Amino acid sequence: MNKNLIFKEWKEKLWVLIFSIILLALFAAAALAFAGRREFIDSIALGAQMFFLPLAGLLLGASAFSSEFKDGSWAYLFSRPIRKSAIWISKFVALTALLTGITLLTFLILPLVPGLKERFAEFSLWGPSVLIAFGLFIISYSLSFLTDKQFLVVFFTLFIPAVLYFILLGLSQNLPIAVRVVELTNSFLALFLILVVYCIFAAASLYAFCRVDFSRPKSVASGYLKGFALFLLAGAVLGTAVYKINEGRAWSKYIYITPDQTDAVIHSYRGIFIYDSAQDRIIKLKGRTRNYMGYGTALGGGKITWMEESLTGTQRAPKLVQSIWIMDKDGRNKRNILALSDKPNSPIQGLEFSRISLSPDGRTLVLFAYPPFGRQKSALIWTMNSDGSGLRALPSPNDSEASYMLDRGWTPDHRHILIWVSKRPVAKSGSNKTEYRNPNTYLVSIDTGEWRRLPEDLMGIHLFGLSPNEDSLGYLGKVSAEAGAVLVQLRLLDLKTMATSEIISAPGIQRAFWNLQGDKIAFLAEGNRRIGIVSVSEKKILAERPFGPTTSDQMSWRVVWTGDGRHLVMSDFDNSSYFLRIFDSALRDEKQIPLSEDVVPVSNVPHLIPVGNKILVIEVQTSRLWSFDPATEKWKKLF
Amino acid sequence: MSDLLKVTGLAKDFGRKKVLRDLSFTLEPGRVYGFLGRNGEGKTTLARILMGVIPATRGALLFKGEPITYGSSIYKRGIGYIPEDSFFYGGMRVAEFLAFNSRFYPRWDAARVRSTFESLGFDRRARIQTLSRGQKLQLGFVAAVGAAPDLLVLDDPTSGLDVPTRRDFLRGIIRDLAERGTAVLFATHMVHELERVVDHLYILHGGRLILDRGFEDIKTLSRRVRLRFDGEAPDKLPLEGVLSLRREPGLLEAIVFPWDEAAESKLRSLSLTDIEVEPLSLEDIFEGFVGSSPAQPEVK
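If you read the protein sequences in the order shown, they are chains A and B.
Position in the first sequence (from 1) plus 13 gives the number in the numbering used here.
Position in the second sequence (from 1) plus 2 gives the number in the numbering used here.
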């Protein structure tokens, strides 16, 4: 690297920086002029992020060597006592620094303009924008010593297939491999692979720059292509090796939590962990696997079950290989209890399991399966014993479209499950429109396969689950309007007698949540501006209050009880930061606890999961996990 | 005296075209070497190979005893270079250009640059693109001299220059450098530029060095001979080294190299009516060697 050349380059390209500042100032002026007109502000923010920066990268890169090769001073530069590699690297460093400066200006100055700050935060395009801008810079820089014609031919020969690939990928979304690749694009491995591609361009360029005869344009182009082929091969070997090594965690970072009363299984790209609420720590039970770990993880009866899957076969004809595993809660006795088979006589040939549930006694598994991709038919429900025996299908209603098992969906005898089934839309008579039908809820026998439709027309979104003693199902019942208020009933369905009863009726109830003791239900009402607590036995509202003064439009629609029933917690956002609202069980007091700096989620309302007396807080986008103790108001970072 | 630059078997092919074939020569400090050749004979290619601007196809180069490869760069600290077309970053100012160059050369002679530059009398703040071709060349010289080089490579720099610049500036600087011990490789197709400065002459033709002699030797050993005959002149002369031959009724005019007493005796033994022997200018010698034929026999 040569400082002399770096300063020369900065002096030569200073106009790009000045031009960028002028353009950014125009963006800012336009944003001020069109303040309040959202469609213009959107265009300005989008233009600055997705077009301005990539264009700056392309211009800087493409002009890197063009001046020397157009006016003939390349021969003079090459005759100076400096290595060619140093020339290439010095220019690269100088222009990269310049592009970095322009990027920082864009993302530091434009958000200061009123109206643009929110748009910048909302678009969240800085990652792709910077990646594309620097990618275009590296690629065009790497080609900039070719003649104009060669530049265009090579640029588009190498660039257009990449664009076509992504277009085709978009068109082929219904192929499993495409789905996987789309998932992959969110991962750090994808970022690594993109950087490998950039490095291939850069390395080919440096290789050619140091070796070719610049007095012969054909030699320059062929030298570049030779270098490209060489480093493409090296990059392919490296990329494949890294991909294979990291295949298990190749997919997007994910974290799923299945809570119990005192424990929770944390199923993530790092492996399987158990959270012990008494000790407030996580224990690793199983490391990551080379296989993709599916959604299914379940906890029950001291056992943990999970699903692994991998893709085999060719890209044209991929085969998804799934297997179901089980182990004890302490991580012992890991064993494979089911492997999906491609054998024609296998009852589960060609199926794809999506979710899994383990009975609270740990003896029975329920598996939700789908036919292979492209043959969307009814969901199938299968059941088996946790020792791997007794696999069989439960029949499904003919008109069902998708089946979901409710949270706390096992009855006390562990022989029935509650299934919520959506139905296919039907054509409206006399019209070409389709009519959506209300879903039904069924009590399904594990032993006989009998589907028993619950008597009430229970809308899925109004169900709030089995009571903790699992003998009755809570739901929001009939809505009536009295004296100008919309009254909603909080009702119970006794699963033994199938009798229904009303607990209370109150204005505008929208969500309800059992405590773990099963004696109280919390509810949110009136556009989530009010919280109340109901006594189930006394059938009356014990306490009720509006939320604290902070306004919000991004509140989580979920209230969680701590295991001891002493606190209720929900997450909220006041348009500048996330915080928790914490209530005591009598709703006498509300505390607002801001999420500490390192807990602040990037863009999602944090999910709250009660385990014991602690609350697990997950930020989904970055897959981070903390525990929070409402009694002591202490945070602990777990993941 | 030890060799400053030793070139052995140097060749350069551009695809099928062989521009340089098996060139071997040595340069010593303090001497001015003329490389004469028509346009397209490979002078620029040779200069660029020496400066590491383009790679050689074959051959070995030693500078101060150290081998030079295409990737070498340190040796260039000892070489000044004025390329054929003096394009030096048109957007730079004169002072910036000199400062830019000074940072590459540890032996940069700032005092000498200042004194040489002041004698030229043009604006330090002027942009290079606003300078005339002669001024650009002068600036290139100043930068090359500033490097305090062991070897100065001039690649046909004089075309388009006015006479005073060529005569005073160029020759002055070249002689001054040579006196300070710098070897000068002056590649040109303009023969008369070399006449007053060159110590040693190479003629590049057909990709080969067809002449490699000290300039004084060349002047001594080359002659134009006019032979008059009583009757028909013969078709050829019984001599080695007849570079060109012009035949008219009763007259033969030849350029002969090498010329010596033995040659004269042989000619006088023919039935001549008259013989005229006269020395040649460098231009005549060059024309005699390269003539109109594409490839002359190699003479060493």
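Just so you know, the hints here were simulated from the structure itself, not pulled from any lab data.
Some hints could be false.
List time: in silico EDC-like cross-link candidates among lysine to aspartate or glutamate, alpha-carbon distance up to 16 Å [as the list claims (entries may be wrong)]:
| no. | chain 1 | residue 1 | chain 2 | residue 2 |
| --- | --- | --- | --- | --- |
| 1 | A | K231 | A | D161 |
| 2 | A | K647 | A | D161 |
| 3 | B | K8 | B | E242 |
| 4 | A | K231 | B | D214 |
| 5 | A | K83 | A | D161 |
| 6 | A | K16 | B | E98 |
| 7 | A | K347 | A | E321 |
| 8 | A | K650 | A | E321 |
| 9 | A | K83 | B | E250 |
| 10 | A | K24 | B | D15 |
| 11 | A | K347 | A | D293 |
| 12 | B | K268 | B | D286 |
Computed from a predicted structure; not experimentally measured.
Here is how each hint holds up against the structure:
1. A C-alpha spacing of about 13 Å is found between K231/A and D161/A, which places the hinted pair at or below 16 Å, so the restraint holds.
2. Pair hint K647/A plus D161/A does not hold up; C-alpha atoms about 63 Å apart against a cutoff of 16 Å.
3. Restraint check: the Cα-Cα separation between K8/B and E242/B comes to about 30 Å, which exceeds 16 Å; the hinted pair is violated.
4. A distance of roughly 34 Å separates the Cα atoms of K231/A and D214/B; the hinted pair therefore is violated under the 16 Å criterion.
5. Between K83/A and D161/A the alpha-carbon distance is near 10 Å, which keeps this suggested pair within the 16 Å criterion.
6. Distance hint between K16/A and E98/B is fulfilled; the C-alpha atoms sit about 14 Å from each other, no more than 16 Å.
7. Only pairs whose Cα atoms come within 16 Å are accepted, and K347/A paired with E321/A is accepted, the gap being roughly 13 Å.
8. Restraint check for K650/A and E321/A: the C-alpha separation of about 27 Å exceeds 16 Å, so the hint is violated.
9. Distance restraint check for K83/A and E250/B: the Cα-Cα separation of roughly 52 Å exceeds the 16 Å cut-off, and the hinted pair is therefore not satisfied.
10. With a C-alpha separation of about 38 Å, the suggested pair K24/A and D15/B falls outside the 16 Å cut-off, and the hint is violated.
11. Proximity of K347/A to D293/A is assessed by CA-CA distance (about 24 Å); at most 16 Å being required, the pair is judged violated.
12. Among the hinted pairs, K268/B with D286/B is inconsistent with the structure: their alpha-carbon atoms are about 23 Å apart, more than 16 Å.
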